[in-house]
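Novice: Next come the chains, spelled out residue by residue.
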Amino acid sequence: MNRTLDKRLADDLVRPLFHTSVWFYAIVVAAGTVVACGAGAWGYQLWYGIGLSGKRWPTFWALYLTNFVFWIGISHAGTLISAILRLVNAGWRRPVTRCAEVITVFALMIGAMFPIIHLGRPWLAFWLFPYPSSREIWPNFRSPLAWDFFAINTYLTGSVLFLFLPMIPDFALVRDRSTGWRRTLYGTLAFGWRGTTKQWNRLETAMQIMAVAILPVAVSVHTIVSFDFSMANVPMWHSTIFGPYFVAGAIFSGIAGLILAMAALRKALHLERYLLPLHFDNLGKLLLLMCILWGYFVFNERLTTWYGNEPSEMAVFWATQRGDYAPLYWTMVIGNFVMPLLILANPKTRTILGTVIASFGVVIGMWLERFLIVVPSLTHKQLPYSWGTYWPTPVELFIMAATFAGMILLYTLFAKFVPIISIWEMRAGLPSRMDQAVLAEERLQSTRLDSEPLGSTAGPEGASR
Amino acid sequence: MAYRWGMAVDLDKCTGCEACVTACHAENNIPTVSAQQAARGRAMHWIRVERYYEGDFPDVRVKFRPVLCQHCDNAPCEAVCPTYAAHHNEDGLNAQVYNRCIGTRYCANACSYNVRFFNFFNPEWPKPLHLQLNPDVSVREVGVMEKCTFCVQRIRAAKIAAKAEKRAIVDGVLQPACAQACPTTAIVFGDLNDPESRVARLARSPRGTKLLEDLGAEPKITYLQKQPWYESDPR
Chain H
0 MNRTLDKRLA DDLVRPLFHT SVWFYAIVVA AGTVVACGAG AWGYQLWYGI GLSGKRWPTF
60 WALYLTNFVF WIGISHAGTL ISAILRLVNA GWRRPVTRCA EVITVFALMI GAMFPIIHLG
120 RPWLAFWLFP YPSSREIWPN FRSPLAWDFF AINTYLTGSV LFLFLPMIPD FALVRDRSTG
180 WRRTLYGTLA FGWRGTTKQW NRLETAMQIM AVAILPVAVS VHTIVSFDFS MANVPMWHST
240 IFGPYFVAGA IFSGIAGLIL AMAALRKALH LERYLLPLHF DNLGKLLLLM CILWGYFVFN
300 ERLTTWYGNE PSEMAVFWAT QRGDYAPLYW TMVIGNFVMP LLILANPKTR TILGTVIASF
360 GVVIGMWLER FLIVVPSLTH KQLPYSWGTY WPTPVELFIM AATFAGMILL YTLFAKFVPI
420 ISIWEMRAGL PSRMDQAVLA EERLQSTRLD SEPLGSTAGP EGASR
Chain B
0 MAYRWGMAVD LDKCTGCEAC VTACHAENNI PTVSAQQAAR GRAMHWIRVE RYYEGDFPDV
60 RVKFRPVLCQ HCDNAPCEAV CPTYAAHHNE DGLNAQVYNR CIGTRYCANA CSYNVRFFNF
120 FNPEWPKPLH LQLNPDVSVR EVGVMEKCTF CVQRIRAAKI AAKAEKRAIV DGVLQPACAQ
180 ACPTTAIVFG DLNDPESRVA RLARSPRGTK LLEDLGAEPK ITYLQKQPWY ESDPR
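Just so you know, the protein sequences line up as chains H and B, in that order. To convert, note that position 60 of the first sequence is 59 in numbering that gives the first Met the number 0; the numbers rise steadily by one, no gaps. To convert, note that position 188 of the second sequence is 187 in numbering that gives the first Met the number 0; the numbers rise steadily by one, no gaps.
A few of these clues could be false.
Dumping the calculated SDA-like pairs for lysine to any residue here, alpha-carbon to alpha-carbon at most 25 Å [unchecked claim]: (1) 209(B) / 387(H); (2) 62(B) / 383(H); (3) 62(B) / 387(H); (4) 12(B) / 384(H); (5) 165(B) / 155(B); (6) 62(B) / 48(H); (7) 62(B) / 307(H); (8) 225(B) / 47(H); (9) 158(B) / 237(H); (10) 126(B) / 310(H); (11) 209(B) / 48(H); (12) 62(B) / 47(H); (13) 126(B) / 307(H); (14) 62(B) / 382(H); (15) 12(B) / 383(H); (16) 225(B) / 183(H); (17) 209(B) / 384(H); (18) 162(B) / 2(B); (19) 165(B) / 62(B).
Pulled from the structure, derived: some chain H residues nowhere near chain B, Cβ distances all over 10 Å [unchecked claim]: (20) 17; (21) 58; (22) 121; (23) 157; (24) 299; (25) 382.
Some chain H residues judged to face chain B by a derived CB distance under 7 Å, without partners named [said to hold, decoys possible]: (26) 50; (27) 142; (28) 174.
To be clear, the hints were calculated from the coordinates, so they are not data collected in a lab. For glycine and all other residues, C-beta sits at the position ideal for the given N, C-alpha and C.
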C-alpha cells in the first residue's frame with residue numbers, strides 16, 4: 000500500500016479548500032464588481048425597457064441571443080465530453096471530468112438567463128412554464144421557444160446530477176478532514192456517505208446510467224437551440240444543416256473553454272502534477288478534430304447557399320462574405336479554422352501554451368459565428384425596403400461582460416469550496432487500471448518535483464472495492 | 000357563414016401620399032417616437048409606403064407599395080409565439096393579444112414582411128396628441144409586440160350593430176382607417192367569403208399578385224398592378 004502517495008493526493012487536492020490566497024479575494028472582488036455592473040445595467044434596462052439595447056426594427060434579436068447560443072455551446076464542454084470519456088473508459092479523463100462538468104452547469108445557468116434578459120417583459124417569463132394557470136392557457140407547444148424551455152431544463156437537471164453524484168465521496172472526504180461549519184456543510188452535502196461497497200456499487204451504476212442518458216440530451220439541446228433559427232423562414236436561417244452544425248460548434252467551443260479553464264486552474268491552484276501536458280495534448284487533438292469538422296460544416300453551408308443562388312439568401316451571403324460583416328466573418332475563419340489547424344496539427348506546437356492560444360482563437364471565433372448567424376440574416380430579410388442595421392449599446396456590452404466575469408466568479412468560488420479534481424476517481428486510477436502513459440508522465444513530473452514517484456499499488460479505496 | 004376579412008391594394012392608383020399611415024396612427028393609438036429614436040429604427044408604422052425606383056435619372060419612375068400585416072392564412076408568426084399572443088381568430092384575422100405577449104419578438108423575426116413592431120419604451124405622445132387617443136383601442140405598454148389589426152375595433156362594432164339588426168355586414172360600409180383615408184380609393188377592404196363583395200372580385204383580378212407569395216404564408220392582401228401579360232391580353 001502506498002499510503003503516502005494516497006495521502007499526498009488528498010492533501011494536494013483538498014488544500015485549496017482550507018488555504019485562501021490573496022488572489023482568491025482579488026479575483027472575487029474584480030469579477031464581482033463586473034457582475035454587479037452588469038446587474039445594474041440589467042436593472043436599468045428592466046426599468047426603461049429593451050430600447051436601451053441596440054435592437055431595432057427589423058433586428059429584433061441580437062447580442063443577447065448571440066450570448067445565449069454561445070453559452071449553451073460552451074456548456075457542451077463538460078457533460079458531453081466527460082460522458083464520452085467515461086463511457087469509453089479513457090484513463091486520462093480522471094483529472095479532467097469535474098472541471099468540465101462544472102463548466103457545463105455554470106455555462107447553462109448563464110446561457111439560460113439570456114432568453115429572459117432579452118424578453119420585453121421578463122417579469123412574465125413564467126408564462127412559458129406549463130402549469131394550470133388562471134389564464135387557462137398552456138404554452139404554445141408549436142413554438143421552438145417552448146421546446147427550448149424543456150430542452151434546457153432537462154439538460155440543466157441532468158448536468159447538475161451528473162456533476163453532483165461523483166462529488167459525494169469527495170464531500171465525505173472533506174467532511175472527515177474538517178471541523179466546525181465545514182463539517183456540517185460537507186456532512187450535509189455528503190448525504191451520509193460511508194464508503195460501503197453497496198454505496199460504491201450504487202454510485203457506479205448511477206454514473207453509468209447518467210453518462211448514457213446525458214449524451215442524447217446534450218445533442219438534442221443544441222439541436223433545439225438551432226431550431227430557434229432554422230424553423231423560421233429567414234434567409235440563411237432556414238437550413239437543415241443547423242442541427243448538427245450547432246452541435247459540432249458547441250462541442251468545439253466547449254473543448255476550447257475547457258482547455259482555458261484547465262490552464263487557469265493549473266496555474267492558480269498549483270495542479271501541475273495532476274493536469275499534465277498529456278491532457279492538453281489529448282484535448283488538443285479533440286479540438287483539432289472538431290476544428291476540421293466545423294470547417295467542413297461551414298464549407299457545406301456556404302457552398303450550397305452560393306450554388307443555390309436564391310436572391311434573399313445571397314444578400315445575407317455577400318453581406319457576410321465581403322460586405323459590412325466581412326471583417327467579423329474572416330476573423331471567425333482565422334480564429335476557428337486557420338489558426339487552430341496550424342497550431343494543433345503540429346505535435347511540436349500542441350503544448351499547453353499552444354492549445355491555450357488556439358482555444359482563445361476558437362472561443363472568439365465561435366462567439367463571432369453565433370453573432371454572424373443571428374444578426375446579418377435579420378438585417379437582410381426578403382424585402383430590401385426593410386433592411387436594417389445593428390450596433391450594440393453599452394447596456395448590452397455591460398451585461399455581456401458580466402456573464403464572462405460571472406463565469407470566472409462562479410468557477411473561482413466552486414474551486415474554493417469543492418475539490419476541483421475528483422479525488423476518489425484519481426485514487427481509483429492509481430492502481431494498474433491507470434493509463435500507462437499517464438503513469439509515465441506522472442513519474443516524470445513527480446521526480447521533477449522531488450517527491451517520491453507514484454507507485455503501482457492500490458490505494459485504500461481501490462482495495463476496499 | 001363566417002367572415003374572412005381581406006384587402007386589395009391597387010398599386011396603379013396609389014400616389015404615395017401616406018394619408019393611410021397618418022390615419023392609422025390616429026385610429027390605433029400608435030405612439031410617435033422622438034426623431035432620435037426614429038433614426039435608431041424604433042418608429043412604428045402599422046402601414047408603411049415602400050418606395051421603389053425604376054430607371055436612371057432623369058428618367059425615373061417611382062413605385063409605391065403600401066405594406067401592412069398581410070393577415071396570412073398560414074401565418075409564420077403564429078406558430079412561433081410561445082404564449083399564443085399571436086393567434087388566428089374566427090374571422091381569419093391574425094390577431095395579437097397584447098396582454099399575453101411577453102416580448103420574445105420571435106414573431107417579428109418569423110414574419111417575412113417585417114410588419115410587426117415592438118414597444119421598445121413606454122408609449123409617448125407629444126402634447127396635445129395625448130388628448131386624441133382613441134378610446135376603443137388599448138394603449139400598449141413597453142415590451143409587447145403590436146401590428147395592424149385590420150382595425151378590429153371597427154369590425155367588432157360593425158358585427159355587434161349587424162347582429163342587433165339581424166343582418167349581415169353590408170359590403171363597403173365597414174372600412175379600416177387606411178381605406179377610409181385613401182383619397183384615390185386604392186385600398187379596398189371587405190369579406191372574402193362573400194364572392195360578390197368588391198374585395199373578393201378584385202382578389203380574382205388578373206392584375207392581382209400577392210407579396211412574397213412563393214413563401215407559402217398565404218397572405219390575404221392582393222396587390223393590383225398592371226401586368227405585362229395583362230397588357231398583351233386582348234380581353
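Novice: If you draw a straight line from the CA of residue 12(B) to the CA of residue 384(H), is it 25 Å or shorter?
Specialist: holds, 20 Å
Novice: Starting from residue 126(B), check that the Cα of residue 310(H) is at most 25 Å away, please.
Specialist: Given that 25 Å is the threshold and the Cα spacing comes to 45 Å, the pair is violated.
Novice: Below or equal to 25 Å on CA atoms is what counts here, so check residue 225(B) against residue 47(H).
Specialist: Violated: residue 225(B) and residue 47(H) sit about 48 Å apart, past 25 Å.
Novice: Decide if the proposed pair is consistent with the structure: residue 62(B) and residue 383(H), CA atoms, cutoff 25 Å inclusive.
Specialist: holds, 14 Å
Novice: For residue 225(B) and residue 183(H), compute the direct alpha-carbon distance and say whether it is at most 25 Å.
Specialist: violated, 83 Å
Novice: Would the stated hint for residue 142(H) survive a check requiring a Cβ distance to chain B of less than 7 Å?
Specialist: holds, 4 Å
Novice: Given the hinted pair residue 62(B) and residue 47(H), is their alpha-carbon gap at most 25 Å?
Specialist: Outside the cut-off at roughly 39 Å; violated.
Novice: Is the nearest CB of chain B more than 10 Å from the CB of residue 58(H)?
Specialist: violated, 8 Å
Novice: Is residue 17(H) truly not at the interface, in the sense that its beta carbon sits beyond 10 Å from all beta carbons of chain B?
Specialist: About 46 Å separates residue 17(H) from the closest Cβ of chain B, which puts it past 10 Å; holds.
Novice: So, as I understand it, the hint says residue 174(H) touches chain B; can you test that by seeing if any CB pair is closer than 7 Å?
Specialist: violated, 44 Å
Novice: Holds or violated: residue 165(B) with residue 62(B), Cα cutoff 25 Å?
Specialist: Between residue 165(B) and residue 62(B) the Cα gap is close to 44 Å, so the pair fails against 25 Å, i.e. violated.
Novice: Residue 62(B) and residue 387(H) were given as a pair; does the straight-line alpha-carbon distance stay at or below 25 Å?
Specialist: holds, 21 Å
Checked against the numbered hints given earlier, the structure breaks hints 6, 7, 8, 9, 10, 11, 12, 13, 16, 19, 21, 22, 25, 28 and satisfies all the rest.
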